[in-house]
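Participant: Here's the letter readout for the chains.
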Amino acid sequence: MVDITPRSLSTFQLQLRRFAQNRLAMISVALLALIAASCFFGPFAFPFTGEDADFDFIGAPIDLASPHPFGTDDFGRDLLLRVLEGGRISLAIGFLGAITAGFIGVLYGAVAGYAGGRTDRLMMRMVEILYGFPYVILVILLSLLFGGGNVALFAAIVFTLWLTPAVIVRAQAQSLSKREFVEAARAGGMTPWQIVLEHIVPNCASVVIVYGSLLVPEVILSESFLSFLGIGIKEPQASWGNLIQTGTAAMDTDLRLLLLPGILLALVLFCLNFIADGLRDAFDPNDR
Amino acid sequence: MKMQPWTILALSLALGLAAPAFADDTLDRGVGSEWSSLDPQVNFDAAAGWIQSDAYEGLVTYDGTGKVIPGAAEKWDITPDGLTYTFHLRAGLKWSNGDPLVGQDFVNGVYRTLNPDTASEKGYYFYSVIQVKGAKEISDGTSKDIATLGVTAPDPQTVVMQLLAPAPNMLELMGAFQVAPLHSPSFDKYGAAVFIDPAHVVSNGAYIIQEVVPQSHVLLARNPNYWDAANVKIPFVRYLVTEDVSTELKRYQAGEIDITYDIPLNQIEALKKSIPEEVKISPSTEVIYYSFNLTHEALKNIDLRRALSLAIDRETLEGKIVKGEAIPDYSYAGGFDADYKGPQIAEATMTQAAREALAKDLYAKAGYGPDNPLKLNIVSTVSEDATRRAQGVALMWKKVLGVVAVNEPMERKAWLDAFYAGGWDVFSDDLVGDFAGPETFLSYQRPSAEPGYNWVKPEYDAAMDVAAKIADLPARYEALAKAEKILLDDYIFAPISIVPNRHLVKPTVHGWAASAAGYNNSQFLTLD
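Residue numbers (our numbering), protein chains in the order written: chain A, 1 to 288; chain B, 1 to 528.
Calculated directly from the structure, the hints in this document are not laboratory data. Just to be clear, a hint being listed does not mean it is correct.
[To be verified] Covered stretches of chain B (in silico footprint by chain A; criterion: 3 or more residues with CB under 8 Å from a CB of chain A, positions within the stretch not fixed): (1) 259 to 271; (2) 313 to 321; (3) 388 to 402.
[Stated by the list, open to error] If you want a taste of the chain A side facing chain B, the calculated C-beta under 10 Å gives, among others: (4) 54; (5) 251; (6) 254.
[Claimed, not checked] With a straight-line Cα cutoff of 20 Å, these simulated EDC-like cross-link-like pairs (lysine to aspartate or glutamate) come out: (7) 234(A) x 461(B); (8) 136(B) x 461(B); (9) 320(B) x 51(A); (10) 273(B) x 52(A); (11) 375(B) x 252(A); (12) 250(B) x 254(A).
For glycine and all other residues, C-beta sits at the position ideal for the given N, C-alpha and C.
Using the sequences and the hints given, assemble the complete structure.
Facilitator: Put into structure tokens, the structure is as follows:
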């Protein structure tokens, strides 16, 4: 008989292999990497920035031979460049926001779940209170507090989005804390903090990665949504949200202004969702 | 059975319903942003002025073409020296609750506008645009006695206004929404809140306020006690808040609105082709100018202000970026009355390239450069043309001078509050003149009228005082032009453009006319 497992694989390697077999997810990874790379490095290829207006070309149409291949917006700013620069902001806020929110949520949930008892109840009630707070009002309050701008927006997004990972991880941590290896660790003299960081958190990793990958599009959407409402990224700085907003205003006359940022945003969101889907399948094959 | 509007009203009140007026009975008009105030002695806002013109009638009023016609006053006499106006009220005038309307009510209205306790911003109409005897003293609190005011009611049918200086445009001002009578019993009882309280508000215009829903609409119903009620054809008028012009257009196309507040800028061309009859664009008395905050250290420098003004390419801005058919403007009060030959900013005759070169020199002279750019915020309203204009100006400043300017769009009310609070470097300002003449604009800028610009210029006040004493219009205009020169030479603002009135009017609305003052009182309109 032929041995079909030539060498033993770790769980993580198995998971990676399963993920690599998901064709849709792999295409998404490649596409996302491409979009991210062009957003972050593409603008360097232009001799001007997205905040420089060219008043000789106002509302120029798509013309691949001109200095503005995808035309300009109503102010004479290069559309392609603005979309790329907007993507830079949106993606950066998306990934950083998801990582920060995930980090806070995981720690909070792990501590609450492991500690249990009164601490747990107190911490989770607080989460529920924050859950109950109207999101948009909270964002407006925070941006007043921080005086508007990107930092306020980032804080507001993180502030509201760490709650769900906290709840998920807390449930996981609660069941983990009753497992034998945790009791063994406790008996071995590890401090609660050590147990949380070395046993609870790593064992929640798969849930966190899956949820985190869903968090990224959520943050990007929040950013776009808030910028669309005018309380996010402010002109002249571009983000996909405010580009789409200006695009919608001109939708009836010049669809181009809406389509370019809109399609990119949709593509990124699709990619991230497919990746999240692939990751979930890879980490938890029973769930298929 | 055909129900009278009043039956409907009574029924709806009985049933506790709000405004179930049938669509055909109601004229729906857009007012843009929400009214900042419905208090007739406080409101300063032109759009809210339309509501006010329907609800309150001054001594005289405007017809749709901008002509002054008799209002509450049937006729008036002017003394040859132009200093005393005697208005004779119509017989049997009544308030909407049936109380008789007397001359003293108009006196009380003026007094309340001037009274510092009212905190009204438009007292300057009575001591600056026209100089009513005793108005200044009441406004600055040195006199509390209504008897010292030069507006008196010797008998219930007469209102006499005594001026300190002749004012050829006096009647045009009286026709605007500035001079409403005050129903003292209801005001004394309920305070200023009465003006937005449909249950208690008492008015004397063709319509009464029936419903006020913040951020939504004001519903007006025909006033049965109005002297000309028989000729008021439309039973209900609803003024709808239409903050977003694109949404407004969609509502217009869906038939929810009969007269729009504005037209989306990028739709004008298309609409002119598809519904040319309904697009009404005509010159207005609204001038757009960017005021510089003179309390800020950097902007105290006149070179810098001049550089900022010159760096704006007004033709490109209005023609290619805002695209709202506004006329680029290099003066402040000119361009409304053809008889007024006012000055322009000194560089108006230069080419834009020369202006920009000069702007760069002045900017460098003021001590700024690429390593040390000037940082500014531009506070504007959220309306489409205002934000586009502000963003366009910011981009021009960036391109020509390297200034880092950020546009902060605000809701109209917040924008007005922000002006007086002073948290702005550059204020996207606009002034809607009360009549199509230079004086309404120039008086507003008088430092003594405290318009909030912190501009100290006794010479300007003196020049305006000289003009104010001249009764002959051509000579008066010459003196006003001299004053405007002083104003423009200080570059306390950058004049940008004169914007037109832009409305879409349904073909079912008849009687709509174009005038610079922009009043189209609903009582003169009919609806199919």
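Participant: None of the hints should be skipped; say for each whether it holds.
Facilitator: Cross-check of the supplied hints:
{"no.": "1", "hint": "259 to 271", "result": "holds (count 4)"}
{"no.": "2", "hint": "313 to 321", "result": "holds (count 4)"}
{"no.": "3", "hint": "388 to 402", "result": "holds (count 8)"}
{"no.": "4", "hint": "54", "result": "holds, 9 Å"}
{"no.": "5", "hint": "251", "result": "holds, 9 Å"}
{"no.": "6", "hint": "254", "result": "holds, 8 Å"}
{"no.": "7", "hint": "234(A) x 461(B)", "result": "violated, 40 Å"}
{"no.": "8", "hint": "136(B) x 461(B)", "result": "holds, 14 Å"}
{"no.": "9", "hint": "320(B) x 51(A)", "result": "holds, 18 Å"}
{"no.": "10", "hint": "273(B) x 52(A)", "result": "violated, 34 Å"}
{"no.": "11", "hint": "375(B) x 252(A)", "result": "violated, 35 Å"}
{"no.": "12", "hint": "250(B) x 254(A)", "result": "holds, 17 Å"}
Violated hints, in rising order: 7, 10, 11; the structure is consistent with all others.
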